[in-house]
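Asker: Just so you know, the sequences run in chain order G and C. Per the numbering used here, the first sequence starts with residue 154, numbered consecutively. Per the numbering used here, the second sequence starts with residue 30, numbered consecutively.
Read the hints as simulated data drawn from the structure, not as lab findings. Model, not experiment: these values are computed from the prediction. From the three backbone atoms N, C-alpha and C, an ideal C-beta is built for every residue, glycine too. Treat the hints loosely; a few may be bogus.
[Said to hold, decoys possible] Derived, one-sided and incomplete: chain G residues facing chain C with beta-carbon distance under 10 Å:
no.: 1; residue: 354
no.: 2; residue: 422
no.: 3; residue: 443
no.: 4; residue: 464
no.: 5; residue: 581
no.: 6; residue: 642
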Amino acid sequence: MENIIAEYIKEGRSEAWRAELRKSMKAKERTSLERVQMPEQEPLVRNKNIVEVNLGITEQMAVAEAHRCLDCPQPTCTIGCPVGINIPKFIKKIESKDFLGAAATIKETNALPAVCGRVCPQEKQCELNCFYTDKLHATPIAIGHLERFAADYERNSGKMNIPDIAEPNGIKVAVVGSGPSGLAAAGDLAKFGYDVTVFEALHEIGGVLKYGIPEFRLPNDIVDVEIENMRKMGIKFRTDFIVGKTASFEELRARGFKAFFVGSGAGLPRFMNIPGENYNGIFSSNEYLTRVNLMKAAHEDYDTPVLAGKNVAVVGGGNTAMDSVRTSKRLGAKRSMIIYRRSLEEMPARLEEVHHAMAEDIEFMNLHNPVEYFADENGRVNKMRVQKMELGEPDASGRRRPIPIEGSEFDIDVDTVVVAVGVSPNPIVPSSLKDLKMTDWGTIVVNKDTMQSSIPDIFAGGDIVRGGATVILAMGDGRKAAVGMHQYIQEKVKAN
Amino acid sequence: MNKIVEMEFFSENVAKIVLEAPDIANSRKAGHFVIIRLDEKGERIPLTIADGDPEKGTITLVVQKVGVTSAKLLAMKAGEEILDVVGPLGHATHIEKFGTVLCAGGGVGVAPMLPIIKALKEAGNKVISVLAGRTKELIILEDEVKKHSDEVIIMTDDGSYGKKGLVTAGMEDVIQREKVNKAFVIGPAIMMKFGSLTTKKYNIPTDVSLNTIMVDGTGMCGACRVSVGGKTKFVCVDGPEFDAFQVNWDEMMMRMGAYKTQEHEAYEKYLKTVETVA
Ligand SMILES: Cc1cc2nc3c(=O)[nH]c(=O)nc-3n(C[C@H](O)[C@H](O)[C@H](O)COP(=O)(O)OP(=O)(O)OC[C@H]3O[C@@H](n4cnc5c(N)ncnc54)[C@H](O)[C@@H]3O)c2cc1C
Ligand code: FES
Chain G
154 MENIIAEYIK EGRSEAWRAE LRKSMKAKER TSLERVQMPE QEPLVRNKNI VEVNLGITEQ
214 MAVAEAHRCL DCPQPTCTIG CPVGINIPKF IKKIESKDFL GAAATIKETN ALPAVCGRVC
274 PQEKQCELNC FYTDKLHATP IAIGHLERFA ADYERNSGKM NIPDIAEPNG IKVAVVGSGP
334 SGLAAAGDLA KFGYDVTVFE ALHEIGGVLK YGIPEFRLPN DIVDVEIENM RKMGIKFRTD
394 FIVGKTASFE ELRARGFKAF FVGSGAGLPR FMNIPGENYN GIFSSNEYLT RVNLMKAAHE
454 DYDTPVLAGK NVAVVGGGNT AMDSVRTSKR LGAKRSMIIY RRSLEEMPAR LEEVHHAMAE
514 DIEFMNLHNP VEYFADENGR VNKMRVQKME LGEPDASGRR RPIPIEGSEF DIDVDTVVVA
574 VGVSPNPIVP SSLKDLKMTD WGTIVVNKDT MQSSIPDIFA GGDIVRGGAT VILAMGDGRK
634 AAVGMHQYIQ EKVKAN
Chain C
30 MNKIVEMEFF SENVAKIVLE APDIANSRKA GHFVIIRLDE KGERIPLTIA DGDPEKGTIT
90 LVVQKVGVTS AKLLAMKAGE EILDVVGPLG HATHIEKFGT VLCAGGGVGV APMLPIIKAL
150 KEAGNKVISV LAGRTKELII LEDEVKKHSD EVIIMTDDGS YGKKGLVTAG MEDVIQREKV
210 NKAFVIGPAI MMKFGSLTTK KYNIPTDVSL NTIMVDGTGM CGACRVSVGG KTKFVCVDGP
270 EFDAFQVNWD EMMMRMGAYK TQEHEAYEKY LKTVETVA
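The following block holds chain C by itself, in its conformation from the complex (with noise of 0.2 Å):
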């Protein structure tokens, strides 16, 4: 049992969520993930550890409504527990001292984002950030980026914050102007892949965090593979972080679909009982 201990939203679809795990809290690094179980009868899903604090005993994940699990999710309060939460999981982030690195951000993959920056940072690294949505509020947590970047750049596709254009505009608009060692783009699948088409006609060097279905995290079951470099590797135990060009994103996006009827059944259905109860 694992108690939310806080709960804030971004947005009506995005919220962070501290919760305590104190075991987790003390062994997490940049990169991890844990899988969670909110009760009895739910499936175990995957959500990477924006932040944590070894002191409180406290892990923080951001969390966007998407289906049946992440709005039961968000509609639960601070106070409330939850049943099952197992990590950290996957390898940590490789961070070195690279010179100058571009960490691309998309929607709430700013999120696992966020522990990488702050890495990098503390590595010596030049942070520039790009911070990307639909619109302006699905910008997230651009203060916490900003405290542990050298520049923050924001883009929408709608202009109503930041630049008006892609995230890839904003890619390239700080390569064209100076040289960038080392990328990270995290974001939507598809983001992924043109964030790291863009970050390729430069060669500059790219890991991506996929978010693949998965079962248990720990390499028991192969629901979370995809191909890499023509192998099939086990995002869980294998990555999550891959070089990105090495990665079958079309394969990708056909496998995290492989669900598709059976989500939108039960999220319709979910919805339905939310309001007959409300």
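The following block holds chain G by itself, in its conformation from the complex (with noise of 0.2 Å):
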């Protein structure tokens, strides 16, 4: 696999034309200009509105920024990014004023490259891997800004691109999930020509991408326009739909499914078991942001509720904590803490949220951890007791492990908690497969080259075989099913 990508990466550095942009400008200039900031709104507009925060960079921006990369003749960059974007190829074609170009070299490997331009840890893949960051140790080329650029050029253009699909071979095959794993999954095997279902559980189509990921961040029409070209590449949403309970795998297998993709995520939030948790106000993240994300519970004119809060706490360090607690100052929350038990260097969300965060008037209480909730006689929680925490040795995630300090407990007002500690794998699909290999931790056990699980005709990737992970690993995981699910069908099609 990796030679396969080294092999892509190097296939076209020497065109002329990229030759030629090389020679354009000399190395040491390159290296002198500055990164590019993002434009955003202004911290305390934007933590009053859903409107998204990063306002996208411009042509000239993208241009200026492209001319920072310097083409490398072994790049690092592509180390890191979990699908093998070539991308220096991209940025070249930015710098060319190829935007287009460019928007199609990142749909080689990404079919969503709107999306993981604004939600990919960059900081952690490609970026981290920039020759900037590794030799010079200087701040990386903005490959995310630039990814999210070339998408956005694109689909502003009205010339958004429609993979050429091979010829229908009608032969059906179900996904089921709708989140990043099962798009990119559906999307290949449409490509491959295969009649494609997809199945979702909810009654919208994006999985976290529209339930959990707010619109500050991800706007949901950046992923409907996603969905829309997937309708028009010929592929079937089934939402209301849960395969294991409204059908069971049989039954699909009766009405003709040939192979299944299972992409169902690790949706079962966790809460912490502490004395006072199941009080009124206080919500495991996927609720609160699902009130609203999916239900839009803050729009006057629609029916769902949700409990806005004027002192919230957000327990968690992660991308979920960010968002909730982004959410809650926009609800119109005075006061909105992050309460989390390592210190800011061991928080796993992208770094661009907590600085996002940190601006817009969020208080960060770290080396902290919850012990127990009060409430008033409604049951409506109106304390936290949390306990000051230090740092010991590393664990096995590599963190330096929270030890509490005995005697530390102090009791904080809240009227409204959110708790964003980590989310399971999703039950519904193990539990409707008696047979399904699965691991410990309760995610499907696969092959990792093919996907494939211990049921043949079932494949499956995603947050469901990862735990909880990230987008592009789910995308990644998607586009490598699509291909062990093809050649488990071809090879199933030959032997009748």
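Put the two chains together into one complex, using the hints given.
Answerer: Quick look at the structure:
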């Protein structure tokens, strides 16, 4: 796999236009340029609206940023990309102002660049491995911003390219779950010529992209455009359909489905099991975000309610915690705080989100952990007891283990608490398939190359295989599984 | 989109709704529920499936007007469509041959009880049903229950029909009279609490079906959580039926009141809009 990627990346670097472009500016000149700054809404304005925080870079900014890229002979950035995007090639296309070409380059390996440009943890992936970071100890090329730029340019140009599709083969395949892994699998299966149906339990397509990640970070429109394109490719979507409940796998087989991709996600929220956690006003981040994002609870004319809260504490340090705490501010909280048991350095959230949250007047109480909740006479939470923590030796995750400091407890006034301490795999599919091999953590066991599970016609990927992971890893799995399914079906067809 | 094929009012505020939902009709069992969303701006609410017809591809729901969504639903007519219906959700009722089973249903709780009564009868149990309501017109599905029960006792708070008294009085009568091996109690939370306190006195294993607040109904949010046996359970995926003696009733009732103010305001607002239209 890695060799194939390396070949693919190398190919094209020697083309005349690339060589020309490299010569057009001295390396010294390139490295002396400043990294582009993403224009954003004013922090204290944006924390009162739900419009996207990042406004996107202009053509000039994109080209200027592309100038910084040295088009390295051995590009290390691509090693950091889980789906092996040809990063130098798309950046050089931007430099030469072929923006549509840049988008097409990204789409060779990434089906949802407008999404990934916005939500990937670039600082831990491509940008971490950029020559600038690695060798120059300077700020890396803004690869994420450029990816977003190319994708947005394509979308706004109205010339969104619909991928070429192989001759329809009439073979029915099913995708279970419409999150990034399912969408990526569906897209590639359609390209191979299959008759694809995506089944989704909720009333909206998109999985976490819709119900979890807020509008101010990933507008729904952007996801919808991608879904619309997939419809144009002939992919069918069935919402309100829970595979394993509405119909079993067996029934779907009887209806002619020859193989399945399961991308059912890690939807089950975890709680901490501390006293008082079931008081009113204490939510899982999934509930809080679902009410606001999927059910539009904050809109006057929508029926779903949400408890807005004046003093809001969000427990956790991941993207979900950042999204929740920033949402609470936008719902009108006076005080919104992060309560996180480790320190800022260990926070798993994207760096940009942490910075954005800080600018938006969010308080960070790091090295604190809740131990108990208290409520008023109606059962509404009104206080939380927290304990101070210190960091010890690194644990299995490689991060330093938080250790409680005895006797350090104190109380904070709160009226709303959001618990964002992680999720477990969604159990619906596994519990409907007795023979499916699972890990002790409730994830589905798959062959890493083909994503095939212990049941031959069932493939899986994304959070249901990895536990909570990322959009890009989920998409990578979906694409790999599509290839695996294609091989599996072709072999079966030949055998018959 | 799911078409309403039939709408029959049992009383001013309670109606039976027969809906097109072929896949659900096919896979549902006693104890299952669905989540519905009426329109783009609607909320998602859970409703237990009272009956189903796989041949016709329909399911039956019984709905009481308690808030905005149920009021809007009851204002709909046969032929109109509900935007989203998803299910069947939850675990099916555990049915076996227990012997003599006491089924106590309060108010619209009789609707989810009906398929359980049917299944129990089919499994060879002696089924004694107690139907309770505040007043005569709130006793629903009497004929259907009679068809599948060995005996039916009706209780009304005001004595306007059957015997005067609470559901627990009717239950006590049966338990005093004969050996009961198992009980099911379904209705408003307070009724389930006291109903199961009654059976607990006599050590009769009892199942209840909880109707907590829900959002997705697939285990994704935890809105439906409640303590059962000291552990947090998600009613939508771990239930909806639980061992009555393990349920923390006070916590459950507290959680059901979480949005009381908002619900009340929304309902008032809705009534105003209906008035202006009328
Ligand atoms: C609030 C939040 C913020 C995040 N921020 C980021 C970020 O900034 N960057 C990043 O890379 N990652 C982020 N993540 C993680 C990322 O969203 C997930 O890793 C990714 O969405 C996983 O994709 P998936 O396809 O495996 O599953 P999901 O997106 O979870 O989708 C699964 C879908 O399957 C459906 N489903 C489940 N069971 C069934 C069934 N039986 N039948 C039919 N449908 C079913 C579910 O309803 C759901 O829609 C975030 C997650 C959250 C919750
Ligand atoms: S309703 Fe969301 S988890 Fe049960």
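Asker: Next step is simple, just say for each hint if it's right about the structure.
Answerer: Here is how each hint holds up against the structure:
1. The beta carbon of residue 354 of chain G is positioned within 10 Å of a beta carbon in chain C (closest approach about 5 Å), and the interface hint is therefore held.
2. Checking residue 422 of chain G against chain C by beta carbon gives a least distance of about 5 Å; that is within 10 Å, so the hint holds.
3. Annotation: interface hint on residue 443 of chain G holds; nearest CB of chain C at approximately 5 Å, less than 10 Å.
4. About 17 Å separates the beta-carbon of residue 464 of chain G from the nearest beta-carbon of chain C, more than 10 Å, and the hint is not met.
5. Here the hint on residue 581 of chain G is kept, as its CB sits about 6 Å from the closest CB of chain C, short of 10 Å.
6. With its C-beta approaching chain C no nearer than about 25 Å, residue 642 of chain G sits outside the 10 Å limit, and its interface hint is violated.
Figure legend: structure checked against the earlier numbered hints; hints not met, in rising order: 4, 6.
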